[in-house]
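Each chain, written out:
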Amino acid sequence: MQWHKFFIPHRDTHKKAHLLSLEALALYLLIFVLLQASFKIIEFTNPGILGISSNITVQGIIELTNVEREKKGLQPLSENTSLNSAATLKSANMFFENYWAHFSPTGKKPWDFILSSDYRFTFAGENLAKNFENNEDVVEAWMNSPSHRENLLNPKYKDVGIAVEDGIINGQKTTLVVQMFGTTSPLASLPNPEGKLLGNATKIGPKEYEESVPFFIKGTAGAQNEGALINPLKVSRTLGLFMIGLVSTLLLLDLFCLKRRGVFRIASYHMAHMAILGVAGAAIITTSGGDIGSGLSFVYENFR
Amino acid sequence: MAAFLALILVLKFQAVALAQFGILVTLVLFYLIWAFSYHLNDKTLKLEIMVEYFLIAALALIFFYGILL
Chain A
1 MQWHKFFIPH RDTHKKAHLL SLEALALYLL IFVLLQASFK IIEFTNPGIL
51 GISSNITVQG IIELTNVERE KKGLQPLSEN TSLNSAATLK SANMFFENYW
101 AHFSPTGKKP WDFILSSDYR FTFAGENLAK NFENNEDVVE AWMNSPSHRE
151 NLLNPKYKDV GIAVEDGIIN GQKTTLVVQM FGTTSPLASL PNPEGKLLGN
201 ATKIGPKEYE ESVPFFIKGT AGAQNEGALI NPLKVSRTLG LFMIGLVSTL
251 LLLDLFCLKR RGVFRIASYH MAHMAILGVA GAAIITTSGG DIGSGLSFVY
301 ENFR
Chain B
1 MAAFLALILV LKFQAVALAQ FGILVTLVLF YLIWAFSYHL NDKTLKLEIM
51 VEYFLIAALA LIFFYGILL
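For the protein sequence lines, the chains are A and B, in the order given.
Residue 98 in our numbering sits at position 98 of the first sequence, with consecutive numbering throughout.
Residue 17 in our numbering sits at position 17 of the second sequence, with consecutive numbering throughout.
Accuracy of the hints is not assured; some may be wrong.
[Said to hold, decoys possible] With a Cα cut of at most 16 Å, we get these calculated EDC-like pairs of lysine to aspartate or glutamate:
#: 1; chain 1: A; residue 1: Lys5; chain 2: A; residue 2: Glu23
#: 2; chain 1: B; residue 1: Lys12; chain 2: A; residue 2: Glu140
#: 3; chain 1: A; residue 1: Lys158; chain 2: A; residue 2: Glu79
#: 4; chain 1: B; residue 1: Lys12; chain 2: A; residue 2: Asp137
[Said to hold, decoys possible] Label pairs and their calculated CB-CB ranges:
#: 5; chain 1: B; residue 1: Asn41; chain 2: A; residue 2: Gly73; range: 53 to 59 Å
#: 6; chain 1: A; residue 1: Thr202; chain 2: B; residue 2: Lys46; range: 53 to 59 Å
#: 7; chain 1: A; residue 1: Ala188; chain 2: B; residue 2: Trp34; range: 54 to 60 Å
#: 8; chain 1: A; residue 1: Phe7; chain 2: B; residue 2: Phe54; range: 22 to 28 Å
#: 9; chain 1: A; residue 1: Val235; chain 2: B; residue 2: Trp34; range: 29 to 35 Å
What the hints contain is simulated information worked out from the structure, not anything from laboratory work.
Even for Gly, the Cβ is constructed at its ideal location relative to N, Cα and C.
In isolation and in its complexed conformation, chain A is listed as follows:
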């Protein structure tokens, strides 16, 4: 078998290498699509097999949060056991009801968990994160998102509670980070450097505040503390980078061979292909793959 025909242009016809043909490109696309489809099927049929393990810690998140606050000249947040409890209740509920959002499908609101933990907030907020591998990536992602950054750097907050829990959401093992912020001081006494006391916070009326139903952890969250067998992020990243490297190398070889032979072929512009594959490769290498949703803050508007 003439293996060189797979990698370099044909000697006589100067046709592209077999691994660079339209059929080969379509095959690479098909392989990747089938891989992603198989991940979805596994998530549905065998939840817990796929997942990401992480090194995220409660103390690590609090420390990094206070480092960011210190950079802006803000008071550090104090770890509050009630808010820790609220964050733990929230994460357990997210696993139990299988949702990724601030509000549960059954109508539970973030402040239900805070009030259930006997933290009578005047101003509070919630940041969420999942599928990150370390503390630094989580806080960096929050800092790069306006709504999350607003929570992290809000001068009104005095307390913070964090939960870092492993469980399964949408068939995939993940580490969920719930960050709850709060203050119990009267609103009028809170720092207000921008002159917008309530800002973009969701306003909670007295009826909703006082009639919030206590919430207790029910049931189990699914498989806990067992490493997932397959990390889909690592598999996708590795295969994607391999294929980008393969196609880019073949394009370069094609260019080199044609130049050496002094042949002109009416074909697509290889440099454009390599440019777009290069940008995709850079994005694949640099992204953390985690998800943070949107940040949320809420205020009890009657508590002035």
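Chain A is fixed; fit chain B onto it per the hints.
Here is chain B on its own, set in the frame of chain A:
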């Protein structure tokens, strides 16, 4: 030039995967429009050539989409 600008933006927004995906989609659209007009002007516009551009574009997008969990 467009690819270089996209690369800078992709590196700047490395903590926000969705932003990176948006940048990549924009670059892919620009790449396809550029390819069409380049080959049209060059009188080398053929179906086979445009299919190749579409396949490369699809590969770039699907490789990155695969890591958006």
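Quiz item: Checked against the structure, which of the hints given earlier come out wrong?
Solution: Per hint list: zero violations.
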